[in-house]
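Number of protein chains: 4
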Amino acid sequence: MIIMKAGATDAEVANVVEEIKKYGLRADVSRGEFRTVIGLVGDERKIPFSHFAVLPGVKEAMMVETPYKLISKEYSKLLGEEDEPRVIKVGNISIGGDEPVFIAGPCAVESRQQLFRIAEGVKKAGAHILRGGVFKPRSSVHSFQGLGAGGPEEAEEALSWLREAGQQFEMPVITEIRGETQVDLVADYVDILQIGARNMYDQDLLTRAARKNKPVMLKRHFGAGIEEFLSFAEYIAAEGNKDIILCERGIIPIGKGKSYTRYTLDLAAVPAIQKETYLPILADPSHATGRRDLIFNMSCASIAAGASGLMIETHYNPAEAMVDGQQMITPDELKEVIQACQSIHRLLVKKQK
Amino acid sequence: MIIMKAGATDAEVANVVEEIKKYGLRADVSRGEFRTVIGLVGDERKIPFSHFAVLPGVKEAMMVETPYKLISKEYSKLLGEEDEPRVIKVGNISIGGDEPVFIAGPCAVESRQQLFRIAEGVKKAGAHILRGGVFKPRSSVHSFQGLGAGGPEEAEEALSWLREAGQQFEMPVITEIRGETQVDLVADYVDILQIGARNMYDQDLLTRAARKNKPVMLKRHFGAGIEEFLSFAEYIAAEGNKDIILCERGIIPIGKGKSYTRYTLDLAAVPAIQKETYLPILADPSHATGRRDLIFNMSCASIAAGASGLMIETHYNPAEAMVDGQQMITPDELKEVIQACQSIHRLLVKKQK
Amino acid sequence: MIIMKAGATDAEVANVVEEIKKYGLRADVSRGEFRTVIGLVGDERKIPFSHFAVLPGVKEAMMVETPYKLISKEYSKLLGEEDEPRVIKVGNISIGGDEPVFIAGPCAVESRQQLFRIAEGVKKAGAHILRGGVFKPRSSVHSFQGLGAGGPEEAEEALSWLREAGQQFEMPVITEIRGETQVDLVADYVDILQIGARNMYDQDLLTRAARKNKPVMLKRHFGAGIEEFLSFAEYIAAEGNKDIILCERGIIPIGKGKSYTRYTLDLAAVPAIQKETYLPILADPSHATGRRDLIFNMSCASIAAGASGLMIETHYNPAEAMVDGQQMITPDELKEVIQACQSIHRLLVKKQK
Amino acid sequence: MIIMKAGATDAEVANVVEEIKKYGLRADVSRGEFRTVIGLVGDERKIPFSHFAVLPGVKEAMMVETPYKLISKEYSKLLGEEDEPRVIKVGNISIGGDEPVFIAGPCAVESRQQLFRIAEGVKKAGAHILRGGVFKPRSSVHSFQGLGAGGPEEAEEALSWLREAGQQFEMPVITEIRGETQVDLVADYVDILQIGARNMYDQDLLTRAARKNKPVMLKRHFGAGIEEFLSFAEYIAAEGNKDIILCERGIIPIGKGKSYTRYTLDLAAVPAIQKETYLPILADPSHATGRRDLIFNMSCASIAAGASGLMIETHYNPAEAMVDGQQMITPDELKEVIQACQSIHRLLVKKQK
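Protein chains in written order, with our numbering: chain A, 1 to 353; chain B, 1 to 353; chain C, 1 to 353; chain D, 1 to 353.
It should be emphasised that the hints constitute simulated quantities derived from the structure, not laboratory data.
A hint or two may mislead.
If several chains are the same, the list does not tell them apart, and a pair holds so long as it fits within one copy or across any two.
[To be verified] When the alpha-carbon atoms are kept at most 30 Å apart in a straight line, the in silico DSSO-like pairs for lysine-lysine are as follows:
no., residue 1, residue 2
1, K77, K46
2, K212, K21
3, K335, K351
4, K258, K77
5, K256, K275
6, K123, K256
7, K212, K258
8, K21, K73
9, K73, K256
10, K351, K212
11, K258, K73
12, K46, K350
13, K258, K275
14, K212, K59
15, K214, K21
16, K59, K123
17, K256, K77
18, K89, K123
19, K335, K46
20, K124, K350
21, K22, K258
22, K77, K123
23, K258, K46
24, K256, K46
25, K350, K59
26, K5, K350
27, K73, K335
28, K59, K335
29, K89, K59
30, K258, K89
Kindly produce the complete structure, drawing on both the sequences and the hints.
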């Protein structure tokens with residue numbers, strides 16, 4: 001990491017960046033209120049830090065050997081930023097800001113009618129962002145894979161419904177990208193690119209999504225430790241895109257015998273991650289529990305644990321949903337969830353003041 | 001399970017119990033508001049239910065083949081009880097009642113002075129029950145094993161301090177029993193017998209503790225699924241003791257690399273367990289996280305998830321504690337935790353009305 | 001699944017395939033010694049089986065609702081195949097045949113000289129197939145990502161070395177594909193396409209790789225149960241490519257405290273999987289243990305458990321390897337491993353006769 | 001750890017032991033071929049090593065802060081012992097010696113007739129030690145708990161059958177102790193005391209069993225890491241009893257969906273543990289897999305991985321067993337397993353020479 005002097009010129013910064021490239025690494029330049037910091041992307045052991053320390057405009061040059069550094073709190077502190085999550089603006093919604101954000105919608109987009117009816121419902125319930133899956137990652141090739149599986153035209157049509165529904169009900173929209181070849185298409189239609197838990201380790205997909213310069217929501221893989229989760233978020237940051245929204249959605253359940261929840265929602269990961277990074281983190285109680293009857297409690301718990309928001313699957317009639325009906329709630333139930341969560345959030349903000 | 005007719009006489013009940021014994025099983029007789037239910041302890045496949053169905057006073061006789069039935073909601077529903085946790089009274093404290101209960105105190109009792117000072121602190125902070133370890137289960141034989149390891153006299157002395165501190169500061173007391181031979185001694189001094197996570201599978205210990213007819217707090221083993229957890233609680237109920245307090249304290253962390261929390265607090269287990277059993281369930285954020293800086297958030301999250309209370313390790317100076325200093329908070333911090341939790345609880349009670 | 005009569009004509013088979021398409025599913029036609037079986041790809045609940053049962057040439061039409069059926073033993077039994085693994089031919093090497101197959105080579109291709117020197121060494125040691133990573137999946141963006149990360153030209157150069165080394169030392173070659181966009185390029189140069197553990201869930205990558213009509217080696221994700229592993233192999237089979245080589249390479253270690261092995265090699269998965277599918281399964285003790293000093297024992301154990309071969313990372317000087325040096329063995333050590341494994345295999349074949 | 005000079009006298013050793021006691025620790029005196037080593041049991045941070053270093057007869061005094069040291073290879077190396085497992089003699093059977101040892105018998109002793117018939121069968125099959133459960137740890141209080149659950153007389157009768165069967169068929173016998181109060185009784189009847197996986201963490205039971213001065217077999221808990229497993233074995237060694245036989249019997253399975261094996265047999269733990277301790281380690285494929293059809297393969301794999309023997313549940317008619325019938329094999333199948341394992345063992349011994 002190279003810390004520039006307070007008055008370092010653009011030319012001095014550019015010179016350092018050029019020098020870094022000579023050693024086969026890339027530079028991540030961040031201009032903070034008080035100083036400019038240049039993060040190194042690649043193997044820092046190749047860098048002669050003593051050489052960099054004496055370049056014009058350089059205040060300090062030091063090796064940082066953690067797998068996540070561009071997204072770390074140390075980095076934001078060097079830039080003089082406050083000890084709060086980074087606020088990511090999407091339209092007029094702020095993720096990581098003063099209020100928790102609620103993302104809601106169907107697991108899968110099934111038809112224009114279904115999507116619009118749900119969009120209207122979640123908007124009335126108080127949701128801020130509309131979700132809807134077009135490309136569904138499924139464990140079985142014999143299950144419904146989302147309308148996107150029907151071919152490029154079907155995919156584009158479903159994506160256009162999503163955009164229209166977002167416009168009509170004034171919500172930014174988010175959908176999951178499952179493979180590299182979907183990135184360009186999806187980025188044309190949505191405001192936030194979601195990378196699901198199963199794809200968290202797919203570094204080529206992360207890199208490609210990052211380059212669209214749109215916010216990326218990265219869900220934690222169900223087998224990933226926190227360090228791995230943050231290390232893969234770093235792949236996005238390494239492309240210069242720090243509008244990264246993290247999402248805890250449950251890890252592999254431990255213990256023999258039947259499982260009472262689909263995954264184990266690791267809520268302590270929420271504050272633990274907040275000690276490590278300035279990125280906002282949400283929770284997804286729908287996928288974590290897989291049980292409609294636990295959503296209210298676990299939503300409240302997520303907000304109480306400090307999450308910056310929730311992603312909740314919603315359907316006007318969960319029983320007829322093609323995917324994951326057993327974990328979806330209705331818009332009316334969503335409204336109760338959102339109101340309870342907002343009350344808890346306000347209460348905790350007041351306590352902490 | 002044998003359901004008696006509304007007007008069944010004591011003699012009819014006694015007759016059924018005698019019949020059950022003939023088949024090598026034991027009977028668990030519960031008298032509800034509307035009817036009496038006789039649970040069977042043992043292998044029900046040995047029972048000729050058609051024979052029992054026609055005994056005098058019997059309304060219905062049916063096989064229930066789950067590993068936990070005496071503690072199940074089905075059982076309490078048969079008795080006509082409300083769909084609320086069982087309220088367990090300890091002195092004037094109610095566990096599972098209208099208010100969350102806070103158990104606090106040091107990880108290990110180290111001296112009379114240390115215990116009394118902490119007891120005073122946690123009482124002022126609003127705690128209801130005093131905890132303090134005398135027999136400490138430890139991973140290493142080379143670590144401090146609690147004052148109880150010094151011999152029977154040291155154990156008894158430490159236990160007497162616990163009782164005195166409880167009396168002086170008007171709190172019931174709880175301590176952990178690690179082995180069968182400690183049961184009688186500990187039961188003489190404390191109000192609640194705690195069986196720790198490492199001993200959850202120790203069925204002989206559970207059975208023996210159950211027979212003291214005092215409330216037993218059973219912590220979930222870090223490798224146990226919910227079904228296993230409840231199956232071992234059933235060992236206590238099978239002795240006729242249904243004053244069982246469950247406690248979620250974290251399961252084995254998943255994921256490679258360094259662990260950011262000691263265990264994974266499985267908060268969704270709280271409402272999931274509440275769907276299965278009428279027993280109250282608490283959470284222990286201290287052992288689950290192993291991190292003082294996560295206690296506030298995870299305490300709030302536990303109450304928001306629906307826990308009937310918390311167990312929190314507290315010390316006036318965590319840095320000097322002989323065991324687990326890194327996870328203890330001070331009485332002042334405890335006070336903040338308790339107040340935030342009580343506010344969340346009140347808010348959620350109001351919402352649900 | 002549609003089972004055709006013994007003498008069903010090509011026209012009758014084609015007719016059934018056409019009918020299947022009408023319902024939005026795809027057909028997988030397998031011609032066995034005694035009969036032709038048509039597997040259905042997609043949601044079988046849409047199919048009116050009674051209608052299909054009376055089509056000309058159809059013997060039986062039945063629903064099979066497991067997530068893996070095209071790769072199941074039931075399927076091969078219907079075709080009248082023997083209860084042995086499918087033999088996959090690559091050049092003159094048979095995987096799943098009478099002899100265990102050994103795949104060896106460096107973790108990462110670092111230079112032409114390095115690769116050729118290792119290729120020569122492993123060939124002399126008795127290896128049958130040469131491996132070498134060009135696109136390395138890494139947890140940290142700051143680690144060496146393989147020569148393929150340098151750009152298309154560097155990737156192609158490294159791949160051409162691999163092909164040349166394979167030709168010179170008469171071994172088929174295998175390398176890992178990390179992302180969809182690498183499929184075409186890699187397939188031009190190698191004999192077997194490897195999909196690594198981290199990408200096991202990447203169904204778009206699996207589908208695309210399957211279509212190259214080359215054998216695909218699929219490694220089990222470290223968080224995947226056996227059912228999930230087989231369900232994702234089914235994605236490859238669903239493209240009509242059944243030359244699938246499975247590979248067990250270790251799952252997430254359980255248990256607190258430092259881990260003595262990188263992953264947990266789940267050797268019982270080898271025979272358990274052989275009861276489910278006709279696909280051959282190998283083991284990778286290098287990634288599973290991450291420890292050079294355990295390779296010999298765990299290689300022997302893998303073959304004794306019934307694995308059809310091993311993938312072992314090899315380097316003439318593990319200490320200077322850029323990636324994973326701590327788990328690589330030398331060609332001399334490889335020779336000992338191969339000889340011991342072959343002896344165990346012969347011994348067990350003899351026992352079972 | 002205190003290393004005595006080559007010619008240190010008994011009085012000098014006794015003096016060091018006395019000094020150690022003054023600091024509240026216990027001493028473990030081991031007399032090796034070349035020197036005497038005194039291990040410290042307890043918190044070594046209380047010991048002024050510089051003071052001990054100058055006591056008469058002391059060569060070196062140093063702190064060793066691992067949770068297992070009395071059972072570590074470092075310890076046996078200091079004593080000048082060979083780098084082989086400790087050989088534990090039970091009657092004329094050697095565990096950890098030149099030949100693998102096979103322990104076989106029914107899961108539970110059900111009757112005298114059943115036990116004798118099985119004992120005869122396993123003896124003929126080549127087994128060396130007879131097992132049979134009298135006190136069965138069970139997940140459900142409603143399941144058969146072993147004849148020992150019938151009361152002290154039934155327990156003693158079943159134990160006496162075990163001893164008689166061992167005498168008649170010339171095999172030492174082993175059974176599981178589930179609780180502290182069973183230790184004295186069981187030790188009167190059997191040659192090896194077994195502590196099962198569920199009780200591994202029960203340090204009071206370990207301590208009490210250790211004091212009987214009989215070999216103790218300790219099974220790894222299904223949620224325990226290797227470090228924990230060895231740390232609890234240290235509890236036995238701390239009582240001066242180093243005749244400890246370790247046993248790997250499977251850990252909690254990872255991965256959603258149905259489990260194909262009951263637990264995950266962690267065979268890499270076998271050689272990994274052999275690098276850490278001189279204690280012999282066996283494997284138990286019966287409990288690990290829970291599947292009769294995997295026993296042959298996993299037995300061979302265990303021996304190939306380096307295990308010093310196996311524990312295998314056997315029954316002449318598994319279908320009629322009261323407990324765990326699905327994982328038991330017949331004496332005829334056992335014979336095949338033993339012969340294959342012995343061949344593999346001989347082959348590997350030859351290779352390593």
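Hint-by-hint comparison with the structure:
no. : hint         : result
1   : K77 to K46   : within (25 Å within a copy, 41 Å between copies)
2   : K212 to K21  : within (23 Å within a copy, 37 Å between copies)
3   : K335 to K351 : both (24 Å within a copy, 12 Å between copies)
4   : K258 to K77  : between (46 Å within a copy, 23 Å between copies)
5   : K256 to K275 : between (33 Å within a copy, 19 Å between copies)
6   : K123 to K256 : neither (41 Å within a copy, 34 Å between copies)
7   : K212 to K258 : neither (42 Å within a copy, 32 Å between copies)
8   : K21 to K73   : within (25 Å within a copy, 49 Å between copies)
9   : K73 to K256  : between (38 Å within a copy, 22 Å between copies)
10  : K351 to K212 : neither (40 Å within a copy, 42 Å between copies)
11  : K258 to K73  : between (40 Å within a copy, 18 Å between copies)
12  : K46 to K350  : neither (49 Å within a copy, 47 Å between copies)
13  : K258 to K275 : between (34 Å within a copy, 15 Å between copies)
14  : K212 to K59  : neither (33 Å within a copy, 53 Å between copies)
15  : K214 to K21  : within (25 Å within a copy, 39 Å between copies)
16  : K59 to K123  : neither (50 Å within a copy, 52 Å between copies)
17  : K256 to K77  : between (44 Å within a copy, 28 Å between copies)
18  : K89 to K123  : within (19 Å within a copy, 46 Å between copies)
19  : K335 to K46  : neither (54 Å within a copy, 35 Å between copies)
20  : K124 to K350 : both (27 Å within a copy, 22 Å between copies)
21  : K22 to K258  : neither (56 Å within a copy, 34 Å between copies)
22  : K77 to K123  : neither (37 Å within a copy, 39 Å between copies)
23  : K258 to K46  : between (50 Å within a copy, 26 Å between copies)
24  : K256 to K46  : between (47 Å within a copy, 27 Å between copies)
25  : K350 to K59  : neither (40 Å within a copy, 56 Å between copies)
26  : K5 to K350   : neither (39 Å within a copy, 55 Å between copies)
27  : K73 to K335  : between (34 Å within a copy, 29 Å between copies)
28  : K59 to K335  : neither (52 Å within a copy, 45 Å between copies)
29  : K89 to K59   : neither (32 Å within a copy, 61 Å between copies)
30  : K258 to K89  : neither (42 Å within a copy, 32 Å between copies)
Of the numbered hints given earlier, the model fails hints 6, 7, 10, 12, 14, 16, 19, 21, 22, 25, 26, 28, 29, 30; all others are met.
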